[in-house]
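Chemist: Chains A and B are the protein sequences, given in the same order.
Heads up, the first sequence is in my numbering, so the first residue is 1 and it goes up one at a time.
Heads up, the second sequence is in my numbering, so the first residue is 1 and it goes up one at a time.
Worth flagging that the hints you see were computed from the coordinates, not collected in a lab.
Built from N, CA and C at the ideal position, the CB exists for glycine as well.
Check the hints yourself; a few may be wrong.
Unchecked claim - Here are some chain A residues the structure puts well away from chain B; computed CB gaps all over 10 Å:
1) Thr22
2) Leu132
3) Arg146
4) Glu255
As the list claims (entries may be wrong) - With a cut-off of at most 30 Å between alpha-carbon atoms, the simulated DSBU-like pairs for lysine-lysine come out as follows:
5) A:Lys163 x A:Lys94
6) B:Lys358 x A:Lys95
7) B:Lys358 x A:Lys94
8) A:Lys261 x A:Lys204
9) A:Lys163 x B:Lys358
10) A:Lys163 x A:Lys216
11) A:Lys163 x A:Lys204
12) A:Lys216 x A:Lys204
To be verified - Here chain A is said to cover these stretches of chain B; the calculated rule only asks that three of the stretch's residues, wherever they fall, bring their Cβ under 8 Å from a Cβ of chain A:
13) 81-89
14) 200-208
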Amino acid sequence: MNFIYFLTEAQSAIPDAMNTLTISDVTLTFGGLNALTGVDMQIQPGLITSVIGPNGAGKTSLLNCISGFYHPTQGEIRYGSERLTRASPHQITKKGIARAFQNLELFRGLTVLDNLMLARHRHLTYGFFSALVYWGRAARLEAENRAFVEDVIDFMELEAYRKRAVGSLSYGIQKRVEVARALTLGPELLLLDEPMAGMNIEEKEDMVRFILDIQKEREITVALVEHDLGVVMDISDQVYVLDFGELIGAGSPREVAANRKVIDAYIGED
Amino acid sequence: MSANRWFATGNFYTTYRQEQRIFTTHLDRVLFGLFLFFLFVWPLFVSASNKHMLVINNILIAVVAVYGLNLVTGFAGLISIGHAAFVGIGAYTLAGTARAIGDSHVLITHAWPLMILISGFMGAAFGAFVGLPAMRLKHLYLAIATLSFQMIFSWTINFMTFFNQGQMIAVGRVFWISGQVGRNEHYLFWYYVILVTAVVCGLGVRNLLRTRYGRCLVAVRDNDRAADAMGMHPGLTKVYAFALAGFFAGIAGALHTYMFRGAGFESFTLHHSIIYLAMAIVGGLGTLPGSLFGPVAIQILELQMEHISEWAGTFLPATMNLATALRPLGFGLVIVLFLMFEPRGIANWWRICRSYFKLWPFRY
Ligand SMILES: Nc1ncnc2c1ncn2[C@@H]1O[C@H](COP(=O)(O)OP(=O)(O)OP(=O)(O)O)[C@@H](O)[C@H]1O
Ligand SMILES: [Mg+2]
């Protein structure tokens, strides 16, 4: 009897494959200004979901709501069965949601390696006293996580910059480190805020390749905010369009491209 | 592993475990070993006067205290202008115990290692408490919070009769395996105790810095939004930084009380807090060797300034008090010069020397 009890307990402890992120009726207000108004969205596991929209449409604000930097004034965000609406960024990171920032938020004084090792923080589960003597568990887990970091460095082709201070690297490489660091957190869901902004064609192609590999090889769900419509239409499974904080279109890339309101918003902008 | 582990040149790693080493070459390890060996054996060959031993012991106590200040201000980037008060907490944990249970109670004279440790934890507790505003406040506001702790501390000690209103509270002589530590061996005995403490604490800090418990400090200094996104609680991390600082300060305070055979308020004033900051800055904020260089440099500077002002006093008109003003003046000048021309402190000179030898025998 007991044996069976433990068996079922162990099974239910494993998260059912991957979770869906559900955003329902989210409104975010700054003073009198609505950055987001009644947004509904679903980020399905295993897919690449993109959010597009003109400047100031509220894309970054939306990611900030998901990752806990802002809390919606109204509405709810759920990840699987858990509510994220009031959680702090570090709590959300622990639930397996990682975020790469639009305006680089790296530890500029530290090397690429240290930046990535910091992302292993919650996986380094040794105690304070073990760390003090740097023996046994601490040394072992440090080495294991270092191996994980090296794997990401290898994956993101950052070998040449491993020991360089992040602040001294070119913008394109820093962007790549930003994505690598989010990946090093070991997430189920990766939020990328304009990972290709300010890059040249070559760097963009690399980044697209990385994003596709992240989804296919590493089996991580990707939510992508991006201005480059060509890229978005090429790689997304699902596209949401924001304009002035409101959702004006959703669907497959093909459906969105045919949507009257979306075309108006984009033509109206240019 | 490469064949030659004596020089950094041509030395490469084959496992991550090897790269974790503190000393990557045998040469580093041997030189450090020799340095330690020297620190332990020199008193056997040279007999220094009490006056010199006092200076040396003071430097080593300051090293322990500056480990703490460097962790909170250098690594975690939180300016603390109340470090002397934390040292005072440690000192008065011991002195207060002496006053409560008698200055020759076995707890004080025999269980002194325990008392030192307790003083450390007391410092950590106060550190954490004073660090609480760091959950919300930043930069200048936080510095003011630490400053006000300094003020409250001085005020409390000066007014409470339990603390003898800041006058000296004596503690008894301690016992070692060979019996009571007498007047003649006092400074030498405490030299060894303080040296061992400084070395053990130094190794502890060095280890912390290469684990999550050290990296998190640098993370909240560089970018606390990103630190949050990395899964650490930035506020609690800062409180933890203050607790660490308080711990080392507390240890230093207890050592101070034992060495001076008592505690009085005049060793833990704002002036001393500034001196600790100067030590951390001149040594090199955010570097471990800086915690060693700083106290040495500042102590030597203080002694020199004393000589100079004495000498200047012989020909400057005494009525103008110029000679006494020279001391704080020269002191302030050195700090300002360091902040302007070498903000990374003496540790940076050390780094440059080392990186030159790293490539040896190649120039670049
Ligand atoms: N902290 C804040 N305080 C006040 N207003 C804000 C804040 N953050 C965002 N906003 C406002 O919310 C609106 C949406 O901004 P957001 O950064 O989300 O746009 P975006 O879609 O990411 O734009 P971009 O393409 O330029 O990155 C803007 O009008 C912005 O000024
Ligand atoms: Mg944005």
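Chemist: The structure should be examined with respect to each hint, and the outcome stated for every one.
Modeler: Tested hints:
1. Thr22: Check passes; 21 Å lies beyond 10 Å.
2. Leu132: Non-interface label on Leu132 (chain A) violated, nearest chain B Cβ at 5 Å vs cutoff 10 Å.
3. Arg146: violated (4 Å)
4. Glu255: holds (33 Å)
5. A:Lys163 x A:Lys94: holds (27 Å)
6. B:Lys358 x A:Lys95: violated (44 Å)
7. B:Lys358 x A:Lys94: Judged against 30 Å, a Cα distance of about 41 Å means the pair is violated.
8. A:Lys261 x A:Lys204: This hinted pair holds, its Cα atoms lying about 28 Å apart.
9. A:Lys163 x B:Lys358: Between Lys163 (chain A) and Lys358 (chain B) the Cα gap is close to 16 Å, so the pair holds against 30 Å.
10. A:Lys163 x A:Lys216: holds (29 Å)
11. A:Lys163 x A:Lys204: holds (24 Å)
12. A:Lys216 x A:Lys204: holds (18 Å)
13. 81-89: It is violated: at least three residues are needed, and the stretch 81-89 of chain B offers just 0 whose Cβ sits closer than 8 Å to chain A.
14. 200-208: holds (count 3)
Of the numbered hints listed earlier, those contradicted by the structure are 2, 3, 6, 7 and 13.
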